[in-house]
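K.L.:
Spelled out, the chains give:
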Amino acid sequence: MTLWSRIRSWTRATLRRSRMESEMDAELQFHIEAYTEDLVRSRVAREEAMRCARIAFGGIESVKEQGREARGVNLVESLVQDLRYGASNMLRTPGFTAITVLTLALGIGATTAIFSVVNPILFESLPYPNAERIMMISEFGPDSSRSRVAFHTYRELAERSRSFETVAVTKIWQPTLVTAREPERFDGQFVSAGYFHALGITPFLGRDFELSDDRFHGPHVVILSDALWRRRFGGDAAIIGRQITLDDNSYTVIGVMPSTFENVLAPSAELWAPLQYDPGHIADSQTREWGNHLRMVGRLQSGASIDQARRELKAIADNPVPEFPRPPWASHEEGFMMDSLQDDVTRGVKPALLSVIGAVLLLLVIACVNVTNLLLARSVRRRGEFALRTALGAGRGRLIRQLLTESLLLAAMGGVAGMIFAQLGVRALAALSPAELPRIGAIAIDGAVFAFGLGVTTLIGLAVGLIPALRASCNEPQTALQESSQRTVGGHRRTRSALVVVEVALALVLLVSSGLLLRSLQHLFAIAPGFDSSHLLTMQVQTYGRRYDDDATCNRFFAQALEAVRNVPGVSAAAFTSQLPLSGETDIYGVQFENASNTQDVEPAFRYGVAPGYFETMGIPLRRGRLFNEQDALGLPTRPVLINESLAKRRYPDQDPLGQRIRFGGSPNRPWDIIVGVVGDVKQTSLAVSQSDAVYVTTAQWLWADGTQWLVVRTRGDSAALAPAVRQAIWSIDKDQPVVRVATMESMLAASAAQRRFALILFETFALVALLLAGAGIYGVLSGSVAERTREIGVRLALGASRESILTLVIRQGMMLTGVGVAIGLAAAAAASQTIAAMLFGVSPLDPVTYLGVIVLLAGVSVIACGVPAWRAMQVDPIIALRYE
Amino acid sequence: MDKQLDLLQGTLDMLILKAVSLGPLHGYGVLLRIQQISKDRLEIQQGSLYPALYRLEHQGWIASEWGESENKRKAKYYRLTAAGKRRLQTESEKWNRMADLIAGILDTKPEEV
Chain X
8 MTLWSRIRSW TRATLRRSRM ESEMDAELQF HIEAYTEDLV RSRVAREEAM RCARIAFGGI
68 ESVKEQGREA RGVNLVESLV QDLRYGASNM LRTPGFTAIT VLTLALGIGA TTAIFSVVNP
128 ILFESLPYPN AERIMMISEF GPDSSRSRVA FHTYRELAER SRSFETVAVT KIWQPTLVTA
188 REPERFDGQF VSAGYFHALG ITPFLGRDFE LSDDRFHGPH VVILSDALWR RRFGGDAAII
248 GRQITLDDNS YTVIGVMPST FENVLAPSAE LWAPLQYDPG HIADSQTREW GNHLRMVGRL
308 QSGASIDQAR RELKAIADNP VPEFPRPPWA SHEEGFMMDS LQDDVTRGVK PALLSVIGAV
368 LLLLVIACVN VTNLLLARSV RRRGEFALRT ALGAGRGRLI RQLLTESLLL AAMGGVAGMI
428 FAQLGVRALA ALSPAELPRI GAIAIDGAVF AFGLGVTTLI GLAVGLIPAL RASCNEPQTA
488 LQESSQRTVG GHRRTRSALV VVEVALALVL LVSSGLLLRS LQHLFAIAPG FDSSHLLTMQ
548 VQTYGRRYDD DATCNRFFAQ ALEAVRNVPG VSAAAFTSQL PLSGETDIYG VQFENASNTQ
608 DVEPAFRYGV APGYFETMGI PLRRGRLFNE QDALGLPTRP VLINESLAKR RYPDQDPLGQ
668 RIRFGGSPNR PWDIIVGVVG DVKQTSLAVS QSDAVYVTTA QWLWADGTQW LVVRTRGDSA
728 ALAPAVRQAI WSIDKDQPVV RVATMESMLA ASAAQRRFAL ILFETFALVA LLLAGAGIYG
788 VLSGSVAERT REIGVRLALG ASRESILTLV IRQGMMLTGV GVAIGLAAAA AASQTIAAML
848 FGVSPLDPVT YLGVIVLLAG VSVIACGVPA WRAMQVDPII ALRYE
Chain G
107 MDKQLDLLQG TLDMLILKAV SLGPLHGYGV LLRIQQISKD RLEIQQGSLY PALYRLEHQG
167 WIASEWGESE NKRKAKYYRL TAAGKRRLQT ESEKWNRMAD LIAGILDTKP EEV
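Chain order of the listed sequences is X and G. In this text, residue positions in the first sequence follow the working numbering: the first is 8, and each later residue adds one. In this text, residue positions in the second sequence follow the working numbering: the first is 107, and each later residue adds one.
Derived by calculation from the structure, the hints in this document are not laboratory data. All of these numbers come straight from a predicted model, not from anything done at the bench. Worth double-checking, as some hints may not be accurate.
Only some residues are given here: those of chain X computed to face chain G with a beta carbon under 8 Å [to be verified]:
{"id": "1", "residue": "37"}
{"id": "2", "residue": "41"}
{"id": "3", "residue": "59"}
{"id": "4", "residue": "63"}
{"id": "5", "residue": "64"}
{"id": "6", "residue": "65"}
{"id": "7", "residue": "77"}
{"id": "8", "residue": "78"}
{"id": "9", "residue": "540"}
Note that the Cβ used here is the ideal one computed from N, Cα and C, for glycine as well.
So here's chain G without its partners, still in its complex pose (with noise of 0.2 Å):
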């Protein structure tokens, strides 16, 4: 198996908003920026996250605006909306308790059954 590995179907969504959630970020400083939370264990297409940005956008989780990047370059910036931080909560939570869920049952042993 690769090292890195593929994202699971609709989690981008939610890496987008963590990612923006700390801070301001223009699509490839979102891109760099999972890749670094992650230490380059994730695998993302890279054009495949402008267009889960635009629906974010779109949906209102997530607000942008033209800024100036580090090396002085016009970029599009995103933040998090009130309503995206509301909407990421709500999804870590759904997503923990799945995880814990689905933990607890390859965890199970024989003999708990």
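With the rest of the complex left out, here is chain X (with noise of 0.2 Å):
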């Protein structure tokens, strides 16, 4: 009843306003008359008694708004009023309005697109069921890296782990589908039984694979994805035991993954075979099922912790047991390491990402800083304004819900942009994201963090913008509006230059942070890759099919590609190689050393399987010996071997490498290669990771042939425009062999240093935008303190002070707000550049130029903002300054 009555009293009251008002002044008149009468019946006189009327009932102006507050009229009616004046009000001062809200929309837009795009890789999990529990299983590779496992290592953790409900395998695969027009080649995994159960995911159309198909000569059946399905078959649920050829084989369709796997460890497979090594032959270590080239992965089981899996591993690791007998690069001596997926998807680009968030809350906090600034000095503006408006009865509440309406119209214009500037933001970075960034395709536009940025930046307008309301209404309005205000204005201007001294700071710390990327990058780039990488073209060659099982049909396939590749006009050089340096991939073997103290020793090495012709196409010095020639090619028993020149230097530091004898991989049945020839060393991960030991082989002495290599070819013009000459070179030998990849060598190179970059211009954007903020910040603080000591500047011009002393009179404030922010920026710059470390490359954190160079910039941006205010100063009339006010 009571609720109904309220909204009947509020419906009236607003809706019937006009009649709600002229009732409540008929009502108070009557009051007042009826008084007046009563004083008059006393004998008061009429005159006198109306005035005491009016005394005893106070302001009626007061009143009247008290009872329409009581009656909620004012919710609606006021916050049209209030929205109305508070647009009027900010278009009269363009400027403030539009500075704030770009200030705003930069803040919130710049957090919400890094969170956008940071939020699925670090922080989201990964999207199966109990994704915390899936783990990788790795090896221990040199420099404590982590590095594949083998088959066999496979099954025997299969075998004797119970930590884990499934333990996987899987490795590349990548399969060609011959059409009429070009050979298509798709990507896709092998990989044994349990791979979907293990990251919890099952094929939406069709089943799972089963461990019958997983066997050695097991069926030929695929599953594929979503999306192959629908672009190549046309998404027909009938596809189920339909037979597609790939590679010359017949496969049955078993399964369709659903649209929304999303498969983390190879994004862009699109199709499934079984992995169907041989469980055989555990005893012969020169089988691929012992080599360590794939990645495990392992679903532990519920109840099992990851200490409690850690310590099963190494238990496992410490005894051998004779059903599972090992090889010397199995031997698990330093045990297994074990990450979860999400720790191994994110690894590499977690500094990079980190120190980005890192940036983009200081520029938040940066542009919150900005937007304090701007509405102090507004406030101060706007204290008359309240005053007045206080003593023409309007209620303290009235007011603080007028800034209230004002700073969230501010914050909502403020939203509006940002969000638009959002969206740009993550359309930017995914197109600017290097290629090792996982889960690109998770990335949208993070609604919470768009809340939170919106929410800061709001806050703190509400709580800044009310400073003036408050004050107006706490204090006599009589006061306010007679105080010559001096006092209080010092007090704010302090305030105010506190917080340009804190944006100096941050802006300096930004700047330094982006200065030591820039200079780490310029080092990288200055780093030789030991090879000439101008006029480089790459690219890769596959074989596929039945009829290149037969090594010899394959490696005449390269030499007859590679002599037409030769022939064709523009090309001065070429080889093929198993591995290409900076092509992201890694080929290591184990190698041993006759000269050893244990022969039985294996180190890791990188592998090169060349062709004659390799060093001088790349362009790779010969330090001692001779190369590789044409007879080296046809295989004959010399077994000659390369080696680089830092593995030289550290096995042969006192005796002549040529002549001495290694072997790959570690059977004692096979013949020891003999050093011909010392090359220069060569970066093969990339630029800034230091030389590992590398040994060169002719492709023909090689154990296997190669089935994928990697042409280089040395052009006279531009290397980019001679692909397809060269393509179609390869394919005039045979019509349906894959090349992929292709791409200069240039580009590779620079791919290399792609994160970096991205962090770059990252932290490049986001100091840009610092430093102009904090321009803007200096500039604000002197022209409002220029303007109200005009006075002041026109007594010390008219008591004879030069305009020149005035001017450094305003350029000494500016500068010293600048001086005491870069000293408090340089310390905070020296901590924050420590957790950048990882990212820099050749440049210590404290690097002297990087910091001089930023002082230098933040010095002079500050005198430009300086100079503005400190002219206008200049250019004060004495006379005019001193009628002032």
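Since each chain comes alone in its own frame, lean on the hints to assemble the complex.
P.N.:
Spelled out as structure tokens, the structure:
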């Protein structure tokens, strides 16, 4: 009933506003008149009685306002009024409005964009059921890196471990489908039967792999991705059981994965086939089943903890059993490494992303400080206005609501603009992102972060914006109106100066960080990769089909293709290699040295199977001995190998490496190879990674024919332009062989630094914005200060101060702020730069050149920011100034 | 100290409810009745009466209608609603309990502790 009466009273009051107003007028009028009559009756003069009645009643307008409020009329009414007033206020100060909205939008937009990108990568759990239980298990590689595992190692763990529900292994598969046009290559994976089970995803059509699918010489079955199924097979549900031809083999489609399946271990994979390795012949270490080339993933039992699983893996590693003999490269002497799948996927990009988060949070803080500063400046200007409104009967609540409305209006505008920035930002980030950034498909605008950014800035806007209203309504309006306001303005100025100092300090941190990254990148590109990267075209050539199962046929194809490529006009040299520097792939084998104290010791080294002419084509210098010649390519029993400089220095410090013997793999049955030459070091994994050992053999003398090789072509002119002709030359030998990953070496060099460049671009952008905001902050405070001190400046001038001294006065004030900001910022930057140390290269986090450069830059910007107000101060006319106020 | 007491915070509503419970009154009448009952010992800011009246009406404790005053003028009369009656009762009880409690505490003598 009371609720109903309230609504009725509210609607009546709101809808019949004018009637309520006139009734209220009549009622209050009646009261005053009745009281006047009573006073007159008690023999007070009528004039005097009327005056007394008015005084006794109090402020009529204020009572009416409270009455409206009591009826809840003002909710809608005053909101509209506030909005209209706020909007006109904003239009009156377009500069303030634009800068505030832009600052808000930059802060909110940048934060939202960055968090939208980073959130699915670093913080969201992977899209699998109980994703925290999915683990990656690896061997210890060189320098405690993570190395892949062998099939028999997987079998031993699958057999002996109790902590895992499932373990599975996978390797890349790139099957080819020949169509009428060109051979089309697909990305796929060979997986052991438990792979999808380990991830916790089942096909939505058909069935998962079963143990019976994954056996040596088992059936050719394949599972398709949803995208491939829709693209190539029109989403036909009758696909299950159909035959498709891949690599000359007929495969039966047994399943289709759901469209929501995100395969973080191989994002581009579109089809899966069982691994079908041979579990027998475990004693023979020269089989592919003993090659450390599989990625192992496991799902923990629901009861098992990560520590428990680690302890168990250690126990298995330490206690070999006779059923699972181990070759030297899978002895597990150091145990296994186990990381969650999430860590495994994000490990490479984590330092960069965390530092970018830090940078964008700094930017958000700077934006908040700037907004605070702007609002403070405005609040000083509006004190008079609020004092006046209080005097005219506006209640404290009414003023506060007015300011809240204005702040919210600003925040809403900032929010809309920020959303636009965020959208553009996310799109730009996705386009800029380095190839190693995982889960790029899962990136979408993050509503929670947007709300957070908007909330923080709005709260600040509210808190700061309320100051004038609180002050105006606390004080007696009279004093506020009369007050010359010097004292409070001074207080505000100190606060604003402090905020500018904070801004300068934060901007310095961002500038130093991006400066350090810039210098790192310069250092990185100054590094010689060990070969001549100009005019070098690279591509991967694959053989597929039954006829290439024979090693001789395979080698013959590559030899003929090479011959054809060398005859292409514009090609000055060409060669094949089994692995290409900076391609992102690595091929590491165990090597034994005859001069070692224990010849059974195996050390890992990059293995390159190359055609003669490789070093000449790449421009890798010969240090000692000789290079490979055409004789070596024939596979004569001399078995020559080349090693790189650092391996030679490390292994044979006091000996002549030439004539020394080494052996690949651990088998004593394999003959020794003889070192015939030493070549220069080459950066294999990335420019930043220092050289590891490398051994070169000719393709013909390797254990088997490499079915996939990289072609390197040295060209006379533009290397990219020659790509079609080179491809045609290869297809002139066999038109069905896929030629993929065509790129110039220069673009690969750029890609190898893509992550640093990505971070650098973001830091540079943020630093630039921070610099602009800091400059705007200095300008704002100084121009405010000059405006307030006009009278003082006039007095100084009148007393004979020179205009130059006025200029110095203002600039000194500005530079003082900058100086304090820089001093604080330096300390902060020194601390902050430690956090990006992982991304720096060849430059100390305390690099003096960077710090000095940044200080000079900031000083320059602040001189410009001081310049305009200082010039204005110089132009003050003492006569006008003294008349002012 | 003045002979008049300032109104305790929040008690005006209760006094208004009590005043109109004795019969319908216009705003000025409410003021007069409160002064009369209190024998002029309470100081009420006249203007503050109206926001309170509107608030009580808004909450449904009192209802209003226009009528004719003693000297044949149009005036707005307030009367207690059923809900207002209940409200007055609970408020009075609460007030009495509180007053007893406070009085009891203030009357406490050292030997009683």
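K.L.:
Does each hint fit the structure? Answer for all of them.
P.N.:
Comparing the hints with the structure gives:
no.	hint	verdict
1	37	5 Å, holds
2	41	4 Å, holds
3	59	11 Å, violated
4	63	5 Å, holds
5	64	5 Å, holds
6	65	3 Å, holds
7	77	4 Å, holds
8	78	5 Å, holds
9	540	81 Å, violated
The structure fails hints 3 and 9 (numbered hints given earlier, in ascending order).
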